[in-house]
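As you go down the protein sequences, you meet chains A and B in turn. Residue numbers 698 to 1187, in my numbering, belong to the letters of the first sequence in order. Residue numbers 3 to 158, in my numbering, belong to the letters of the second sequence in order.
Hints were generated in silico from the structure; no laboratory data involved. Among the hints, erroneous ones may be present.
[Stated by the list, open to error] Derived contacts from chain B toward chain A, CB cut-off under 10 Å, selection only:
no., residue
1, Gly37
2, Arg77
3, Pro79
4, Thr83
5, Pro124
6, Tyr145
7, Leu147
8, Ala150
[To be verified] The following label-pair restraints were derived from C-beta to C-beta distances:
no., chain 1, residue 1, chain 2, residue 2, range
9, A, Ala722, B, Glu69, 53 to 61 Å
10, A, Val718, B, Asp94, 44 to 52 Å
11, B, Gln121, A, Phe1152, 29 to 37 Å
12, B, Ala136, A, Leu891, 33 to 41 Å
13, A, Val833, B, Ala117, 41 to 49 Å
14, B, Val39, A, Ile1156, 34 to 42 Å
15, A, Thr715, B, Thr112, 50 to 58 Å
16, B, Lys41, A, Met1081, 51 to 59 Å
17, A, Phe1152, B, Gln75, 41 to 49 Å
18, B, Lys41, A, Leu1075, 28 to 36 Å
19, A, Arg1117, B, Glu34, 43 to 51 Å
20, A, Ala751, B, Leu125, 43 to 51 Å
21, B, Lys41, A, Thr804, 45 to 53 Å
[As the list claims (entries may be wrong)] Beyond 10 Å from chain A on every Cβ pair, some chain B residues (computed):
no., residue
22, Val39
23, Gly51
24, Thr67
25, Trp98
26, Leu104
27, Thr112
28, Ile116
29, Ala117
30, Ala128
Cβ coordinates follow ideal geometry from the N, Cα and C atoms, glycine included.
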Amino acid sequence: MAETLTTEYALSTELGLTLVVLFGAAWVLFGYWLGRKNKTHEDFALAGRNVGFAFAAATAMATWVTSNTTLVAPQLTYQFGIWGMVGYSFAALGLILFAPLAKRIKTLLPNGYTSGDFIRLRFGRMSWHVFIVISVVYAFGWLVSLGMAGGILLEALSGLDYHLGMTAILIICVGYTLFGGLRAVIATDFIQALIIIIGVSIIAWLLIDNVGLDTIHAELGSDHPKLLDVLFPAAIMFLFNNIFFGLGEIFHSNVWWSRALAFKKTVAFKAFLVGGLLWLPIPIVTGFIALAAPQLGIFPPSPDMVGPTVAAGVLGQVGAVVVFIVVFSALASSLDSLLAATSDLVTRDIYHQHLRKDASDKHLMRFNRYTILGLGILTWLLCMPRIATLGALLNFAGAFVASTIFPILLGLYNRRLPGRYAAAAMAIGTAVGLASYFIIGFYVAALSSCAVSGFICAIGVWRSREQFDWQQLDEAPEQPVTQTDKEQVQ
Amino acid sequence: MPGIIRILIIIITVLPVFFSAAEAQHKELALEGPGAVVKEGYFTLNLIGIADDANYQQLEIEQSTDEAFTQVQSRFPFLGTFRQISLSGFNDGNYWFRARGLSNDGTEFTTAPIAVTVQHYPLWQALTLFGVGAVMFLFVAGYILLAARCGGRQHG
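Only chain B is shown next, with the shape it has when bound in the complex (with noise of 0.2 Å):
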């Protein structure tokens, strides 16, 4: 035991080595999507380029229809200090996102405009699955009860 209590000990005492952060690269902002077609209907943004002793205020997503924006129907804030969000529940559709925000000097700042296409699966193909793990689940758990019942003597 007093071995274990070494070897922890060494464990703690390394520790920080292992915390110190990296400098942001990144010095212009950006917005990033999903790359490809989204098929879930949820995805994640990131807004790049802000270094990590940068105090960008008021930060969040806008959501419109068009590239210009002329309407936009969402706005969704970054919690605390993260620069990433996870957005879900959207339909079919091709949807526009930019971030904006005021930067240091208290100027507005907003990003060039990224498309996110949502497709979902073809509801045949998710059936088709529901049904063929309906029909496993009801043959094992069918098994399993019989199989309990008769407490495995008459089977096989």
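Chain A with its partners taken away, still in its complex shape (with noise of 0.2 Å):
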């Protein structure tokens, strides 16, 4: 039984508005002084591909924090106990195993923009249309996430109605993205992973002083028996179906390669690996969060909203606010990631490729500004209905994602896999990770989409006698045609 029963909001609808009003304003001004110096589409685009050491390991940390880490990874432990607070952090695993494979990218790919760039050059037109489906599925599940994350923290904090939280979150990211790029993006990401990991301490140490392991323990042990369980079967199944998700994630999204293509080459491996250990203990405190509900009485109406309620009903008004902050950063500084990178996808891959080839660097420029702002209206739209709940949301992507990391893995490391088995393995291992997410649960789309992607994949290895050269992949940089270059030729 509860010992306390909590019905009531940690902050005022008044208080919940003006934070997000003050932190928007910050965060857009911030974001237009740093856009200031952006002059060519490749500033704009990859932050002139020169970021050091220190904001390569801020921003790989701080954008993997997101609404995966502070909202899904308590959603997950209240949903699988400790095996899904535990299970939740092996997704750190995502960024270490990148590290490598991020200095392989800058090795083969010095002139690259975009994670469409290798797949188009390196497995050709028929994996390339496989990928960007995946990749614009993928990226708009987590915008949507992202959306969704903001209305739901400000509902769970203050009562405020979802849409209102979730259209200001928007607004916000939107805008310092389309006035700074990813120079903006970057540098904001370094202050929000300060402000995360000092939080998340705060919140944690709170948490643990004013209600106590043993407590929880045995709350959790009378009534709610099977999250303490290690042998909870939905939990074990959701173990490595995590991990895989994770994996595919990060592998294949443009929100890494770009952040690989940007950064100098000699950080790029260690940024990844420091940032992946940074972001392992964080679905760890945040997780356990969670499990203090039962013990507090709070049962959230959607399991999605337990982190936030949880640590504002134990810290009070002071502690909501520092929760605000925290997730606020979180979720800012993974959508205004998501949305440069989606953005850059459109721009480089589809418009500058296919449409528009004598696009100038101003043109390039404006149109990405514009891809920006039309992939914030649409994220709105599709965040309006609320569809499902984060972890579902998310994982329904997984099936997408995952079966990526073999053609990604072996394009980067194998001569002999062909681009038919590549695309071959991307559908076919989506198609079954989606069956697999409607006809048992979320937590094993991933893992069956990855199974059979990797089984295909093997095939055509086995079968294949080509030999790709590795040449091919450093694509002379195609140069925007500049204004001078056009009155010269006028």
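Can you join these two chains into the complex? Each is in its own frame, and there are hints to help.
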């Protein structure tokens, strides 16, 4: 039986709105100030390819701390118990294992812009089409989950209407990404990473100090025993699914490829490794918060609201403000990154490569900005109906992204995997992942997708006699036509 | 850039149109649970039939092992003004739930009880998937480490 019955919101609606406006204004102004340094499209999209170690490690860590970590890790802990918490932290393996890949990417594609560039050059058009579909579905899955998380956060803390909170966070992130490009994204990520690390540490310390481990354990053992069970079947099934989902997200997404390409060559490996190690304990801390919910008599309407609700319930109004700042920073650091990376993918891979090869540098920058705005509007429309819980929505995307793990991995290191097998692996892997998602549950989608994709890739490598020439990946920089060039031609 | 600002202003102007809340249509109070057997030990219960302007107090869910509620095992309060509650961590078994509280005029009400059956996946099925996942992960991690060490030259 619960000790206390918590039924009130930690913040007033007015205070919640005030915090949103203050933070929003600060981030947008900061983005505008940073954006003044962007002179070319490469500055805007890849921050001049010259990001140093401190900023690189911070942006890797902060971008990976997202609604996944601050809202979904507590959700999965609330649903799957200790396995949810520990299993979620294993998503750090995605960043850690991407470290050597980042070094390889930087070596093979010194002039590359996006992950789509790599797929097109390494596997050809058919694979590229499949890959773009997967990337777009994933990007929208993540964007929608982040927009939803903003609404859920404010609703859980202050009772503010979900739609208003969701709209606010989208306007703010679109605003400063629009003005500042990747430079603003990375700079804000650095500050957000510091806020997240300090804030999460404070929350964990206060929670243990206020509630105590023994009472939490006693309550769970009595009324929610499965949360402490190491042989909890659904949780066991979820464990490796989550790892493969994380690997798929990072290996394929242009969010991470654009960082690998933007970092200095010597720091790419170290930055992802350190970013992953810094990230590892954060889901343990945020997930642990959820285990205190039954003891405190907090039973959220939706499991993805449990994290902020419990933290605010334990820590009071001041604590709720800290929770708001931490989660808001986490969401913003990911949302801005995803907006920037996806707009780069659309601008570079679709618009510049296929529709307007002669586009001027200035034109590409302008198109990139309109794309950011368009993505923001589309995300907002998709967030309106609140179609699923965050965890279920994210893991739906897992069926897509996990199918790219083996094609990316073998594409980077193995000369023999042919494009048609890579395309089939991604398409069939995704189809099987989706079937598993609907027939069994969200906690097996990524695992089954990756297994089938890996099997098809293995057949491709075994049967193929191709020897891909790595030099083909070093595409000569296709300089956008500058205004001066045009004037000279005329 | 001015074009972008114009579009943003239009979006902000039309936002309130989307925020008009729909009127609650249900009048009879009832508790809704999962429609099928629960295989994950977590589920959501909904209290339906409360109008938006209703001011019910001390709303909570009661749990028992029998339909008559001879003994209430646990009580779960609703959060704030929400009328939905998520519960988790249940072992295999049949559970009965009902909602209770005080209505506008101070009279106590209780909804009809509903049953929730929890039947977890077989452990062999879970461990098989765990094994498949472990083998695949070891392969991926081993391949990356080996390939990174060799610089990709010897592969393929």
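Tested hints:
At its closest, the beta carbon of Gly37 of chain B sits 15 Å from a beta carbon of chain A; the interface hint therefore is violated under the 10 Å criterion. For the restraint placing Arg77 of chain B at the interface with chain A, the shortest Cβ-Cβ distance is roughly 7 Å, inside the 10 Å limit, so the hint holds. Nearest Cβ of chain A to the Cβ of Pro79 of chain B: about 4 Å, under the 10 Å cut. The hint holds. For Thr83 of chain B, the interface hint holds, since its Cβ comes within 10 Å of a Cβ in chain A; the closest pair sits about 7 Å apart.
Because the closest C-beta pair between Pro124 of chain B and chain A is about 7 Å apart, less than 10 Å, the hint holds. With a least beta-carbon distance of about 7 Å to chain A, the hint placing Tyr145 of chain B at the interface is held under the 10 Å criterion. A distance limit of 10 Å between C-beta atoms decides the matter here; for Leu147 of chain B the minimum to chain A is near 7 Å, and the interface restraint holds. Below 10 Å, beta-carbon pairs count as interface contacts, and Ala150 of chain B has one with chain A at about 4 Å; its hint therefore holds.
For the pair Ala722 of chain A and Glu69 of chain B, the supplied restraint of 53 to 61 Å holds, since their beta-carbon distance comes to about 56 Å. Remark: the range hint 44 to 52 Å for Val718 of chain A to Asp94 of chain B is upheld by a beta-carbon distance near 49 Å. Between Gln121 of chain B and Phe1152 of chain A the beta carbon distance is about 31 Å. The supplied range of 29 to 37 Å therefore holds. Restraint check, Ala136 of chain B to Leu891 of chain A: a C-beta distance of roughly 36 Å satisfies the suggested window 33 to 41 Å.
Checked against the given bound of 41 to 49 Å, the beta carbons of Val833 of chain A and Ala117 of chain B, roughly 43 Å apart, stay inside it. A beta carbon spacing of about 38 Å between Val39 of chain B and Ile1156 of chain A agrees with the range 34 to 42 Å that was offered as a hint. Under the hint 50 to 58 Å, the C-beta atoms of Thr715 of chain A and Thr112 of chain B, about 41 Å apart, miss the expected range. For Lys41 of chain B paired with Met1081 of chain A, a C-beta distance near 31 Å fails the hint of 51 to 59 Å.
Evaluation of the 41 to 49 Å hint for Phe1152 of chain A and Gln75 of chain B yields a pass: the beta carbon distance comes to about 47 Å. One distance hint, 28 to 36 Å for the beta-carbon pair Lys41 of chain B and Leu1075 of chain A, holds here, with the actual separation near 35 Å. Separated by about 49 Å at the C-beta atoms, Arg1117 of chain A and Glu34 of chain B satisfy the suggested range of 43 to 51 Å. Checked against the hint of 43 to 51 Å, the C-beta distance between Ala751 of chain A and Leu125 of chain B comes to roughly 47 Å, which is consistent with it.
Range check, Lys41 of chain B to Thr804 of chain A: about 47 Å between beta-carbon atoms, so the 45 to 53 Å window is met. The non-interface label for Val39 of chain B is consistent with chain A: the shortest C-beta to C-beta separation is roughly 13 Å, beyond 10 Å. The non-interface label for Gly51 of chain B is consistent with chain A: the shortest C-beta to C-beta separation is roughly 16 Å, beyond 10 Å. Every C-beta of chain A lies more than 10 Å from that of Thr67 of chain B, the closest at about 13 Å, which supports listing it as non-interface.
Annotated as non-interface, Trp98 of chain B keeps its C-beta farther than 10 Å from every C-beta of chain A; the closest such distance is 15 Å. With 10 Å as the threshold on Cβ separation, the claim that Leu104 of chain B sits away from chain A holds: the shortest Cβ distance comes to roughly 13 Å. Thr112 of chain B, annotated as away from the interface, keeps every beta carbon of chain A farther than 10 Å; the closest lies near 18 Å. Every CB of chain A is more than 10 Å from the CB of Ile116 of chain B (nearest about 16 Å), matching its label as outside the interface.
The claim that Ala117 of chain B is not at the interface with chain A holds, since no C-beta of that chain comes within 10 Å of its own (minimum 18 Å). Here Ala128 of chain B does not stay apart from chain A, with its beta-carbon only about 4 Å from theirs, under the 10 Å limit.
Against the hints set out earlier in the document, violations occur for numbers 1, 15, 16, 30.
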